[in-house]
Structures are given as C-alpha cells and as structure tokens.
Amino acid sequence: MSKVITLTTDFGISDHFVGIMKGVMLGINPSVRFVDISHQIEPQNIFQAYYIIKFSYKYFPSGTIHLCVVDPGVGSARRPILAASKDFYFIGPDNGIFSFIFRSERSPFPSPSQGEGRVRVFELTEKKFFLPAISQTFHGRDIFASAAAHLSTGVNPSEFGKPVNDPVILNVPEPVIVPTQSVGTRNEIQGEVVYIDRFGNLITNIPAGILYPLKEQIQIKIKSKTISSLCKSYSEAEDLKPSSILDSWGLLEIFVKNKDAGRELGIKKGEKVIINF
Amino acid sequence: MSKVITLTTDFGISDHFVGIMKGVMLGINPSVRFVDISHQIEPQNIFQAYYIIKFSYKYFPSGTIHLCVVDPGVGSARRPILAASKDFYFIGPDNGIFSFIFRSERSPFPSPSQGEGRVRVFELTEKKFFLPAISQTFHGRDIFASAAAHLSTGVNPSEFGKPVNDPVILNVPEPVIVPTQSVGTRNEIQGEVVYIDRFGNLITNIPAGILYPLKEQIQIKIKSKTISSLCKSYSEAEDLKPSSILDSWGLLEIFVKNKDAGRELGIKKGEKVIINF
Amino acid sequence: MSKVITLTTDFGISDHFVGIMKGVMLGINPSVRFVDISHQIEPQNIFQAYYIIKFSYKYFPSGTIHLCVVDPGVGSARRPILAASKDFYFIGPDNGIFSFIFRSERSPFPSPSQGEGRVRVFELTEKKFFLPAISQTFHGRDIFASAAAHLSTGVNPSEFGKPVNDPVILNVPEPVIVPTQSVGTRNEIQGEVVYIDRFGNLITNIPAGILYPLKEQIQIKIKSKTISSLCKSYSEAEDLKPSSILDSWGLLEIFVKNKDAGRELGIKKGEKVIINF
Numbered sequence: 007m008s009k010v011i012t013l014t015t016d017f018g019i020s021d022h023f024v025g026i027m028k029g030v031m032l033g034i035n036p037s038v039r040f041v042d043i044s045h046q047i048e049p050q051n052i053f054q055a056y057y058i059i060k061f062s063y064k065y066f067p068s069g070t071i072h073l074c075v076v077d078p079g080v081g082s083a084r085r086p087i088l089a090a091s092k093d094f095y096f097i098g099p100d101n102g103i104f105s106f107i108f109r110s111e112r113s114p115f116p117s118p119s120q121g122e123g124r125v126r127v128f129e130l131t132e133k134k135f136f137l138p139a140i141s142q143t144f145h146g147r148d149i150f151a152s153a154a155a156h157l158s159t160g161v162n163p164s165e166f167g168k169p170v171n172d173p174v175i176l177n178v179p180e181p182v183i184v185p186t187q188s189v190g191t192r193n194e195i196q197g198e199v200v201y202i203d204r205f206g207n208l209i210t211n212i213p214a215g216i217l218y219p220l221k222e223q224i225q226i227k228i229k230s231k232t233i234s235s236l237c238k239s240y241s242e243a244e245d246l247k248p249s250s251i252l253d254s255w256g257l258l259e260i261f262v263k264n265k266d267a268g269r270e271l272g273i274k275k276g277e278k279v280i281i282n283f
Numbered sequence: 007m008s009k010v011i012t013l014t015t016d017f018g019i020s021d022h023f024v025g026i027m028k029g030v031m032l033g034i035n036p037s038v039r040f041v042d043i044s045h046q047i048e049p050q051n052i053f054q055a056y057y058i059i060k061f062s063y064k065y066f067p068s069g070t071i072h073l074c075v076v077d078p079g080v081g082s083a084r085r086p087i088l089a090a091s092k093d094f095y096f097i098g099p100d101n102g103i104f105s106f107i108f109r110s111e112r113s114p115f116p117s118p119s120q121g122e123g124r125v126r127v128f129e130l131t132e133k134k135f136f137l138p139a140i141s142q143t144f145h146g147r148d149i150f151a152s153a154a155a156h157l158s159t160g161v162n163p164s165e166f167g168k169p170v171n172d173p174v175i176l177n178v179p180e181p182v183i184v185p186t187q188s189v190g191t192r193n194e195i196q197g198e199v200v201y202i203d204r205f206g207n208l209i210t211n212i213p214a215g216i217l218y219p220l221k222e223q224i225q226i227k228i229k230s231k232t233i234s235s236l237c238k239s240y241s242e243a244e245d246l247k248p249s250s251i252l253d254s255w256g257l258l259e260i261f262v263k264n265k266d267a268g269r270e271l272g273i274k275k276g277e278k279v280i281i282n283f
Numbered sequence: 007m008s009k010v011i012t013l014t015t016d017f018g019i020s021d022h023f024v025g026i027m028k029g030v031m032l033g034i035n036p037s038v039r040f041v042d043i044s045h046q047i048e049p050q051n052i053f054q055a056y057y058i059i060k061f062s063y064k065y066f067p068s069g070t071i072h073l074c075v076v077d078p079g080v081g082s083a084r085r086p087i088l089a090a091s092k093d094f095y096f097i098g099p100d101n102g103i104f105s106f107i108f109r110s111e112r113s114p115f116p117s118p119s120q121g122e123g124r125v126r127v128f129e130l131t132e133k134k135f136f137l138p139a140i141s142q143t144f145h146g147r148d149i150f151a152s153a154a155a156h157l158s159t160g161v162n163p164s165e166f167g168k169p170v171n172d173p174v175i176l177n178v179p180e181p182v183i184v185p186t187q188s189v190g191t192r193n194e195i196q197g198e199v200v201y202i203d204r205f206g207n208l209i210t211n212i213p214a215g216i217l218y219p220l221k222e223q224i225q226i227k228i229k230s231k232t233i234s235s236l237c238k239s240y241s242e243a244e245d246l247k248p249s250s251i252l253d254s255w256g257l258l259e260i261f262v263k264n265k266d267a268g269r270e271l272g273i274k275k276g277e278k279v280i281i282n283f
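Protein chains in written order, with my numbering: chain A, 7 to 283; chain B, 7 to 283; chain C, 7 to 283.
Each hint should be verified, as a subset may be incorrect.
Stated by the list, open to error - Calculated pairs, DSS-like style, for lysine-lysine (alpha carbon to alpha carbon, straight line, at most 25 Å):
(1) C/Lys133 - B/Lys238
(2) A/Lys64 - B/Lys133
(3) A/Lys60 - A/Lys92
(4) A/Lys134 - C/Lys238
(5) C/Lys64 - A/Lys9
(6) B/Lys238 - A/Lys238
(7) C/Lys168 - C/Lys227
(8) B/Lys227 - B/Lys238
(9) C/Lys133 - B/Lys265
(10) B/Lys238 - C/Lys238
(11) C/Lys9 - C/Lys60
(12) B/Lys9 - A/Lys64
(13) B/Lys265 - B/Lys247
(14) B/Lys64 - C/Lys9
Unchecked claim - For the chain C half of the interface with chain A, some residues (derived, Cβ under 8 Å), not all of them:
(15) Ser44
(16) Phe61
(17) Asn264
(18) Leu271
In case anyone wonders, no lab produced these hints; they're calculated from the structure. Each residue gets a CB set at the ideal place from its N, CA and C atoms; glycine is no exception.
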C-alpha cells in the first residue's frame with residue numbers, strides 16, 4: 007500500500023517550491039501519495055502551522071507522514087527533526103510547529119492529542135537521506151522532502167540521527183477556568199480566537215462540548231458583543247447576529263450566518279472570549 | 007483500476023478542510039485517485055458550483071465520483087444525496103448543485119446533459135457509511151467524503167439510503183428566443199452572463215454553435231456595447247474592443263483580447279446579453 | 007511505474023480548466039501521476055512560465071512530462087509542440103516557454119541546462135492524439151492534455167508530427183560582465199531581477215556562486231540601495247536592511263529578513279542590479 011505524505015507550508019501556490027518538493031520525493035519513492043493540507047500559511051507564521059496540523063493529522067491513515075515546512079530559521083542552527091508517534095510521523099524544522107504531540111498539555115481540558123503515546127524525536131543529521139547539495143534557503147527541498155521520501159520507503163526513524171530530548175515547545179494560548187468566588191457570581195472561562203477560517207468563522211481555544219449541558223445559562227462575550235445561545239446548526243442562527251456553535255473539532259466557534267464574522271465584527275486572531283455560566 | 011473522485015467545494019485552499027476530506031477517504035479506500043476541480047467556489051454560491059460541475063463532469067473517466075460540498079444548509083434538514091447517472095456518480099447536499107443531470111431542461115436549445123439516461127437519486131442515511139461522530143458544521147468530512155470513499159470501493163448506490171424522487175432543482179437562467187414579429191424586425195435571443203473565468207472572459211448561457219452560419223448578420227448587445235462579429239480565435243480580435251467567440255463548451259463568450267473583459271467593461275454575472283439576427 | 011506529468015498554466019485554481027485537463031488525461035492513461043507546479047502564472051505571461059519551468063524541471067524523475075499551457079496564441083497559427091531532451095519531455099505551445107532547453111545560451115556563465123544533450127522537437131499534428139473535437143479556445147484540454155497522456159502511455163515522440171528545426175526562442179535578459187577598463191576601476195556585472203517569489207524575495211539572473219570567494223569585496227546596487235555582504239542564511243541578516251544570499255538555484259537573491267523585499271523596497275521584475283568587485 008502506498009504511503010501518504012501530507013504537505014503543509016508557507017510556500018504559496020504561485021511558485022515552484024511545492025512542485026519541486028514533490029518531484030524530489032517521487033524520484034526517491036515513485037509510489038508515494040501526496041495530500042496538500044495547506045500552502046497558504048502566512049509567511050513564517052508557525053502558530054498558524056501548529057493549528058492547521060493539530061486540526062488535521064488524525065484524519066489520515068495510520069503511518070501517514072506529515073511534512074511541514076514553515077521555517078523562518080532555514081539555514082541557521084535550528085534543528086531539522088523527525089517525530090514518530092504511535093500512528094504518525096512528523097518532519098520539519100524544530101520550531102514548535104509539532105509541539106501539540108510532545109508537550110505536556112497545560113490546558114485544563116482533556117487534550118485531543120492524548121493517546122499519541124510516547125513520541126520519539128530525532129534530529130535529521132544523516133546526510134545520505136538529504137539531496138547531495140544543501141542550499142542555504144530551501145531545506146524543504148534539500149532536507150525535509152528528501153528525508154520524508156526516504157522515511158516513506160521504510161527507513162527506521164532512528165537511522166536519521168540522534169534522539170532529541172528537548173524539542174521546542176510553542177507557547178500557545180490555553181483557556182483558563184476561573185471558578186466562582188462567592189455567592190451571586192458566576193464561573194468564568196477565559197479564552198481567545200486562535201484561528202479564523204476561509205468563511206470568517208472565529209475558532210476559539212475553548213472546548214465547547216462541556217458547555218452544551220449549560221446551554222441555556224451561558225453568556226459569551228467577545229469584543230462588545232454578548233451571545234447567549236449555542237446553535238445546533240449554522241442555518242438555525244438569526245441573520246446578521248453573532249452566534250456560537252460547537253465546531254467540528256469540539257471547539258467553540260463564533261459565526262454570523264452566511265457572513266464573514268471576522269469582517270462583520272472586526273475581529274482578528276487573539277481577540278479575547280469570556281464565557282460566564 | 008483506481009476510482010477517481012473529483013472535489014468541488016467552497017472551502018478554499020488556506021484551511022485544512024480539503025486535506026482532511028482526502029485523509030478520511032484514503033483511510034477508507036487507499037487506492038482512490040483525487041482530482042481537485044475547484045475549492046474557490048464563492049462561499050455558499052450554489053449557482054457557481056452548478057456551472058463548474060456542469061462544465062466539467064463529462065471530461066472524466068466513466069465511473070468517476072463527483073463530490074461537491076457547497077453546503078450553506080449544513081446541519082439543517084437538507085438531505086445529503088447520491089445521484090447515479092449512466093456514467094457518473096454525484097455526492098453532495100440536495101440543494102440543486104447537481105440539478106443539470108436530473109431536471110427536464112427548460113432551455114429551447116439541445117442540452118449538453120442529454121444522454122445521461124435515467125438518473126437514480128438516493129438520500130444518504132445509512133450511518134455505517136459515515137464517520138462515527140457527525141459534527142454540526144463539517145458534513146464534507148463526516149458524511150460526504152466518507153460516503154464517497156465507500157462508494158468508490160464498490161458499494162451499490164441503493165445501499166446508502168432510500169430513493170429520492172424530488173431532488174431540489176435549481177432555477178438557473180435560460181436563454182429565450184423571441185422570433186421576429188413582423189416584416190423589418192429581426193429575431194432576438196435574450197440571454198445573460200452566467201460565469202466569468204479567471205481571465206475575465208464572460209461566458210453566457212447562449213449556445214453559439216447555431217450562430218456561426220449567421221456570423222455576418224448578427225449583432226450582440228451587452229451593456230452599451232455592440233459586437234458584430236464572431237472570432238475564430240482570441241488572437242484574431244481587434245485590440246481593446248469587446249469581441250465574441252464560440253467557447254470550449256459551445257457557449258457564446260465575450261472577451262477583450264489579452265485583457266480582463268469583466269474589468270474592462272465593468273460587467274458582472276447576470277448582465278443581460280441580446281443577440282439580433 | 008507510473009509516469010509523472012507536471013502541469014504549469016495560467017488557468018488559476020478557481021475555474022474548472024485544470025481539473026478537466028486531468029480528467030482528460032486519466033481517461034487516456036488511468037495510472038498517470040500529476041504534480042501541479044503552478045497554475046498562478048500571470049495571464050499570458052510566457053516569461054514567468056519560462057522561469058518556473060526552468061527552475062523546476064530537473065527535480066523530477068527521469069521520463070517526466072512537463073506540460074505547460076500559457077498560450078496567448080491559442081487558436082492562431084502558433085504551433086503546438088513536443089520537445090524531448092535526454093531525460094524529460096515538454097509539451098505546450100511553441101512560444102518560447104521551453105526555450106531554455108534548446109537555445110544556445112548567450113549567457114557568459116555556465117548554463118544550468120547544459121547536459122540536456124540534443125533536444126528533438128516535434129509539431130503536434132497527428133489528430134489521433136487529440137480529442138475528437140478541437141475548440142478554438144481550450145487547446146490545453148483538446149490538444150496538449152490529450153497528447154501528453156498519449157505520450158505517457160509510451161507513444162514515440164516522432165509519431166506526433168514532423169520535426170521542428172526552428173522552435174521559438176524567448177529573448178530573456180542575460181547578465182553582462184564588464185571587465186575593468188583601467189587601474190582604479192572595478193569589474194562590473196550588470197543583471198536584473200527576473201522573478202519575485204511569494205515571500206517577496208528578489209531573484210536575479212546573476213549566478214552567485216562565483217561571487218562567494220569575493221564576498222568581502224563586492225558591492226551590490228539595486229535602486230538607490232547598496233548591499234555589501236552575502237549572507238549564509240536569511241536569519242543572519244540584519245533586520246529591515248536589504249541583504250543578499252546565494253539562492254537555491256545558484257542565483258543572487260536580494261531579500262529583507264522576514265519581510266517582503268519587493269514591497270519594502272518598491273521593486274518590480276526588470277529592476278537593474280549592478281555588482282562591482
């Protein structure tokens with residue numbers, strides 16, 4: 007069965023970078039299958055890459071190799087790494103983009119990444135798995151694509167280099183629960199918008215599943231707006247009003263029906279979201 | 007031989023949605039082949055999806071599954087459907103995006119879709135062909151991709167659910183022929199611009215093949231402009247002047263040589279086009 | 007082993023053009039593999055297509071077919087051609103987009119294309135390798151995709167039509183070396199920016215490898231700016247200052263660390279670059 011390699015980069019789709027990476031990989035493993043996750047990561051935005059891969063990686067067949075090249079440190083001393091979890095492989099620069107699989111979660115909520123088991127991390131140093139010449143500016147081609155293709159042929163992860171015990175951990179914002187302090191006050195969850203999708207829907211870092219039983223009693227505040235219900239579908243929301251829903255990753259999502267909520271509400275990533283219940 | 011699944015969505019290419027759908031499908035059928043038709047359908051624009059699939063579906067191998075997720079009603083009562091024609095399968099929401107294959111054409115012109123034979127339509131209700139958990143917001147992943155992948159493994163369409171006899175028919179604009187009323191007047195065809203492509207070429211809903219014999223005698227009016235010839239190639243047109251040509255779908259197309267006609271002429275979808283002959 | 011066909015076009019990714027070309031090819035050769043290099047070539051920009059393919063073609067497996075449709079002359083007398091080099095095939099219009107493989111290089115520097123050996127060029131005239139009906143506006147579908155797919159099944163290049171001895175050669179800008187004229191003056195290389203990538207990095211036509219030994223003594227002038235060093239990595243550059251580096255194609259690249267140099271410096275393709283050493 008063909009191995010699957012996914013690609014997530016900030017290379018865009020106008021230039022030749024992504025095509026060349028695939029050409030390099032097909033030269034090493036002609037039967038490998040590619041799936042593009044996104045090449046539209048904002049240039050050098052490792053946080054966006056982190057969320058894209060975190061949201062995606064579990065939906066692929068066991069054994070899939072997730073190749074991610076968002077690499078502002080290319081050519082510097084930052085390490086190229088390979089991480090192997092129970093079911094998946096991750097190849098890219100050691101700048102935190104994969105840290106959802108190896109950090110001890112600080113979140114008070116159950117982590118979607120629990121269950122990956124022990125994750126082994128290796129530095130890519132073994133030159134026989136690179137292209138013969140390493141450029142200063144395109145390790146996506148010379149190191150990462152080449153190593154991913156060799157991995158897809160069945161090379162053992164430990165053959166690529168020495169174990170890494172201190173991979174970079176990205177400091178992503180986690181929601182905080184502030185329990186009620188006295189009679190008459192309410193519990194509070196403090197979170198923020200961590201991702202805005204193509205439709206302008208505002209994805210927060212607040213797991214929404216636990217909110218549904220409280221549905222009638224919650225109040226969501228974002229900017230100067232208050233939202234007091236959780237919808238069961240986009241179409242059941244009132245027109246033109248900010249509404250909320252449990253999104254397809256179990257997170258609280260704020261939207262405006264058939265509109266771009268980010269634009270309508272003038273909200274960007276990082277906007278605070280407060281829930282009282 | 008590997009089955010082909012095409013994808014047409016309004017998910018864009020920045021987010022992880024399309025990659026995840028492919029991951030889900032490869033988990034069910036590792037040998038399936040994907041072809042992206044477009045993920046740049048304007049959000050919720052079912053008319054644009056209709057034209058894109060109508061223009062495309064016949065150019066694929068027999069047995070191809072056309073998966074289309076432009077789904078403003080996700081999570082509501084709108085039905086997920088599977089349509090099977092003589093040569094192709096169509097999977098997506100029942101909102102009219104596939105109606106070119108099952109409506110009785112109102113057009114006075116021969117339909118490009120004639121020849122699809124009897125089309126059977128089924129509601130997707132059989133949960134064993136879905137992902138185990140169905141979200142409220144991403145049926146592209148949980149229902150449509152999963153069902154398409156199962157269909158590609160050879161499951162019979164009738165196993166997915168009950169027959170649907172009243173699929174939604176989209177009310178797309180059709181051209182009208184107004185025959186000459188009296189001596190000295192001319193026949194008239196009234197149509198409109200239904201699609202504008204990347205180059206800014208204006209695709210109308212008027213079949214142009216029948217116009218060629220009349221080439222010298224026709225007058226095309228659009229906005230305040232009059233065009234009086236049908237070109238044989240883009241390059242034979244005069245610079246900077248609106249010109250017309252038989253496009254690659256047999257439709258009348260209005261263009262400006264090496265320019266963006268939509269922008270140059272200030273024309274949008276829906277603009278009326280009148281032909282006198 | 008499956009043959010690889012790469013695609014480079016100005017068709018964009020919103021319309022159905024690229025998907026249809028792939029559908030046509032899968033109908034002829036169901037096992038062919040596709041790699042998209044770029045569909046975001048500016049409409050009709052044959053120079054941009056030239057650089058994209060020149061930068062990319064060598065990174066693919068031997069036997070790869072490079073299909074390129076940037077074709078302002080579609081429907082006119084311009085010839086459709088197939089070029090076969092030692093390792094690769096090229097299919098597209100005869101408008102110079104492939105001329106890097108068959109021109110005698112005017113550049114004073116060693117050419118990256120040397121080693122392609124004798125290149126045979128054929129006009130595509132044999133109608134059995136086309137679709138049955140040839141439109142006036144979409145030869146990408148009716149001629150080029152169809153011919154590429156037939157070629158991928160093992161048809162000999164000479165079966166497609168008569169040899170072409172005078173393929174169109176694009177007049178791309180080449181750098182010029184002006185040797186020192188007298189004591190006290192310096193050698194000069196005159197080049198220009200030929201490509202700007204997604205990150206806003208300015209790719210020149212000046213091979214930079216020969217500059218590294220001179221590293222300390224060179225001065226690069228672009229617009230009103232002077233750059234006096236060649237970096238070893240993007241990250242070693244000073245913030246906000248135009249810097250230079252040897253890019254991954256061996257060319258001199260001018261960049262601003264973690265910024266869009268094209269925008270920051272107000273520089274477009276064609277801007278002159280002068281090196282004194």
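Okay, the hints, checked on the actual structure:
Restraint check: the Cα-Cα separation between C/Lys133 and B/Lys238 comes to about 19 Å, which is no more than 25 Å; the hinted pair holds. Straight-line distance between C-alpha atoms of A/Lys64 and B/Lys133 comes to about 21 Å, which keeps the hinted pair within the 25 Å bound. At most 25 Å may separate the alpha-carbon atoms for a hinted pair to count; A/Lys60 and A/Lys92 meet this at roughly 15 Å. Restraint check for A/Lys134 and C/Lys238: the C-alpha separation of about 23 Å stays at or below 25 Å, so the hint holds.
As the CA atoms of C/Lys64 and A/Lys9 are separated by approximately 24 Å, the hinted pair is consistent with the 25 Å bound. Distance hint between B/Lys238 and A/Lys238 is unfulfilled; the C-alpha atoms sit about 54 Å from each other, more than 25 Å. Between C/Lys168 and C/Lys227, the direct Cα distance comes to roughly 48 Å. Violation of the 25 Å bound is thereby established for this hinted pair. For a cut-off of 25 Å, the pair hint linking B/Lys227 to B/Lys238 stands: about 19 Å separates their Cα positions.
Restraint check for C/Lys133 and B/Lys265: not satisfied, since their Cα atoms lie roughly 31 Å apart, outside the 25 Å limit. About 54 Å separates the Cα atoms of B/Lys238 and C/Lys238, which puts this hinted pair outside 25 Å; it is violated. With a C-alpha separation of about 20 Å, the suggested pair C/Lys9 and C/Lys60 falls inside the 25 Å cut-off, and the hint holds. Using a Cα cut-off of 25 Å, the hinted pair B/Lys9 and A/Lys64 holds, with the two alpha carbons roughly 24 Å apart.
Among the hinted pairs, B/Lys265 with B/Lys247 is consistent with the structure: their alpha-carbon atoms are about 10 Å apart, no more than 25 Å. For the given pair, B/Lys64 sits about 24 Å from C/Lys9 by alpha-carbon distance, which is consistent with the 25 Å threshold. Using the Cβ-Cβ criterion of 8 Å, the hint placing C/Ser44 at the interface with chain A is satisfied: the shortest such distance is roughly 6 Å. Hint status for C/Phe61: holds, given a least beta-carbon distance of 5 Å to chain A, under 8 Å.
The interface hint given for C/Asn264 holds, since its Cβ lies 6 Å from the closest Cβ of chain A, which is under the 8 Å cut-off. The restraint placing C/Leu271 at the interface with chain A is violated, with a minimum CB-CB distance near 16 Å, outside the 8 Å limit.
The earlier numbered hints that this structure contradicts are 6, 7, 9, 10 and 18.
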